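These protein sequence lines are chains A and B, in that order. Be aware that the first sequence starts at 1, since it is given in my numbering, and climbs by one per residue. Be aware that the second sequence starts at 1001, since it is given in my numbering, and climbs by one per residue.
Honestly, the hints are just simulated from the structure, not real lab data. All values reported here derive from a predicted model rather than from experimental measurement. One thing to keep in mind: the hints can contain errors.
[Unchecked claim] In silico DMTMM-like pairs for lysine to aspartate or glutamate, Cα to Cα no more than 25 Å straight-line:
| id | chain 1 | residue 1 | chain 2 | residue 2 |
| --- | --- | --- | --- | --- |
| 1 | B | Lys1172 | B | Glu1227 |
| 2 | A | Lys339 | B | Glu1028 |
| 3 | A | Lys144 | B | Glu1025 |
| 4 | B | Lys1041 | B | Asp1055 |
| 5 | A | Lys21 | B | Glu1288 |
| 6 | B | Lys1021 | A | Asp256 |
| 7 | A | Lys124 | A | Asp89 |
| 8 | A | Lys231 | A | Glu199 |
Protein chains: 2
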Amino acid sequence: MKNKIGIGLMGLGVIGCGVAKVLLERSEGISKQSGSPLVLKKVLVKDMSKKRNVDLDSNLLTTNSDDILSDPDIDIVIEVIGGENPALDLVKKALSSEKHVVTANKEIISKYGPELFTLADENKVDILYEASVGGGIPLTNAFKQDLLASNITSIQAIINATTNFVLTSMAKEGFEFDEAVRRAQQLGYAETDPTNDIEGVDAMYKVAILATLAFRTNVTPDDVYREGISKLAWRDFQYAQELGYAIKLLAIAKKDDGAIEARVHPTFVPQDLLMAQVNGVFNAVQVEGDLVGRVIFYGRGAGPEPTTSAIITDVINIAQDIKLGFSRRPKFGLSRTKKIKPMSDIDTRYYIRMRVTDTPGVLAQIAKTFGDLDISIASALQKAVDEKTQSTELVMMTHPARESAMQSALGQLENLSAVREVSNFIRVEA
Amino acid sequence: MKNKIGIGLMGLGVIGCGVAKVLLERSEGISKQSGSPLVLKKVLVKDMSKKRNVDLDSNLLTTNSDDILSDPDIDIVIEVIGGENPALDLVKKALSSEKHVVTANKEIISKYGPELFTLADENKVDILYEASVGGGIPLTNAFKQDLLASNITSIQAIINATTNFVLTSMAKEGFEFDEAVRRAQQLGYAETDPTNDIEGVDAMYKVAILATLAFRTNVTPDDVYREGISKLAWRDFQYAQELGYAIKLLAIAKKDDGAIEARVHPTFVPQDLLMAQVNGVFNAVQVEGDLVGRVIFYGRGAGPEPTTSAIITDVINIAQDIKLGFSRRPKFGLSRTKKIKPMSDIDTRYYIRMRVTDTPGVLAQIAKTFGDLDISIASALQKAVDEKTQSTELVMMTHPARESAMQSALGQLENLSAVREVSNFIRVEA
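Looking at chain A on its own, in the form it has when it is part of the complex:
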């Protein structure tokens, strides 16, 4: 049995500094939890001279990854570089060097998870990635261990803090989209280039990871239908409120008849559901299983502290296993056993907002378009006529319909002379 457990840290950005700080400042507590002293041995950086927010002995820093990969005293590698390159290559090398890996990297786990799990298995080490999804909220063990008895049928998740902050600002403070994004940037909740968050790329990675864990089949980012929040207008929030809904960027994964659907898009959520009350930078993941019923995990989904919490927890768990002489290893096989449902085959309800001419028979034309495609209208709201443009805003909610039918309807509506514009359409989940 080893006396000390050596840690190699790869990456020293905001998260890396947070992790290094906690490893140093709480070394006694963490070592006690782990059952062995944990020692930070080396930190891989790009630039040795960069000023950083953590007081590290300069001897710990290196720009050469081999200083970590070839050090027999390093047992666990923490990867917080982020992105695909060079992180993927370094994680593979670490596993091949029989080092356990803890990573916060949603991109490599969602794209290359099965390959990495297999590589870890072959080298009798573990790869843990709690920090890759939901910040400090415990999620991966929930699926690996805690919900094993149930057949998981669906996941609905608010898993991107930036977009949830933007949507909350739009809903509560009446901001338009651009204004809300600027405010999030000023507060440090959105990056200078917020595309990855705003367009749902981050949420797509995370839901691929969650769906893979929940359904025991490999779901990759390519399998996820994705739509961001940039098309939302404040008017949509006004109508949502009036109709009893909140608008959230939901990451949804469902299983039925052996097929999986996975999608990320703005969604109407009934106001009386807890998910509609998840505001600001908080995240929540709702899981439904046949025995357990509905379970929700809620907490801070981003930021250095919650992410560090998840990373250090993974490190402690691995250290405990090393001490016990036990390698956790993935306990479930992953394969492409279930097929992915194309987006055109999903069934859901829809909200449609359009601008129509103020002429007789408009509603009848629109109703016929829907009716011919077997889409049934649940309710319609028509607003006062705008005298200047001689047009009016029409908002409709449908009963459940097939996405392909809905897409046809949208195409046909845009060709109707009475329809000036289909301003937005948003899917509705209960």
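Guided by the hints, dock chain B onto chain A, whose structure is given.
Chain B only, in chain A's frame:
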């Protein structure tokens, strides 16, 4: 390595039948998750001839616990008898016979946890008790594994489904207490004798378990201050609503300066907090830690299916460990390292409702009573005079005050001639 893993089930009530059913009907799936075939070998019952809601081979039933305890082919004992006797004795015997134990028994875990964990450790077996608190919501592993990096500072929990259903009925449907309890009984959410739930005994057991897990110090039911919900009147809900609060039976555990406070009592919870939105038979546990921030676990806290989910999950986890040749064992030491803060020393805010005479100077007298004890009033609401009794209802909210000062104030108020009655006082948490 064993080929098959034998299960002995003790107890065949509502939960026991649920567990037996799932073990039989889903044997293939559970065995796959476990890595070994799981076989239900014996079921301990009190009455062989009782008609039950599960189709079991009568050869499986026994009234003699030795048939389980002495069977070398039984590796895991599931205890769902409930209550202290004979469950405690049987669990001890099972552990001493080197059998792993999975139990749903909050009473024996909260009262005798450390003794049972030590006994398990001595016999190199495990005792898991996920089902003892929060039904199917994964909680025990959250504390044992997932939140290890954080210093947990507080827990607030809605962990009794019966009382939460009763409180929700009072709040939403305007029922008085007795009426709400009768309704819960009709719907099967309250027992014929609902005392254990209504008076907070069940929540007391559960918060002792959670506090022990969170703070790594033994907290027993005797350490928990307890007040039930039977004194609540619909008027309190009216005022709460008016003041922006919900009323919940909160189980609270906090750690400061090394001292622990643990209490169960009706509590004003600000309406904009997620905990205030947890309604009906749902449970939620909010945990605060220094790195992880605020995390909430939400789900069905009672009922045979969620409880079975937790039990079967524990069974699968133990079976996996048996297959890996690894005994999980409690990874943290438990001792009475931290002292328990007496209820008189806690600090919180208060809501007080009283009936006072309609005479000049009443408010001044009451304000002086509070002021002399250093209790500062945050707001006061006075309702219209009831002509018949020449009295009026006065509702006050205080700033944070010491419980001992508040108790003195209540005593003094009742002696003021102007105060007809102190109708209720409820603690307030944010």
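Violating hint indices (sorted, rising): Nothing - there is no hint that the structure violates, so all of them hold.
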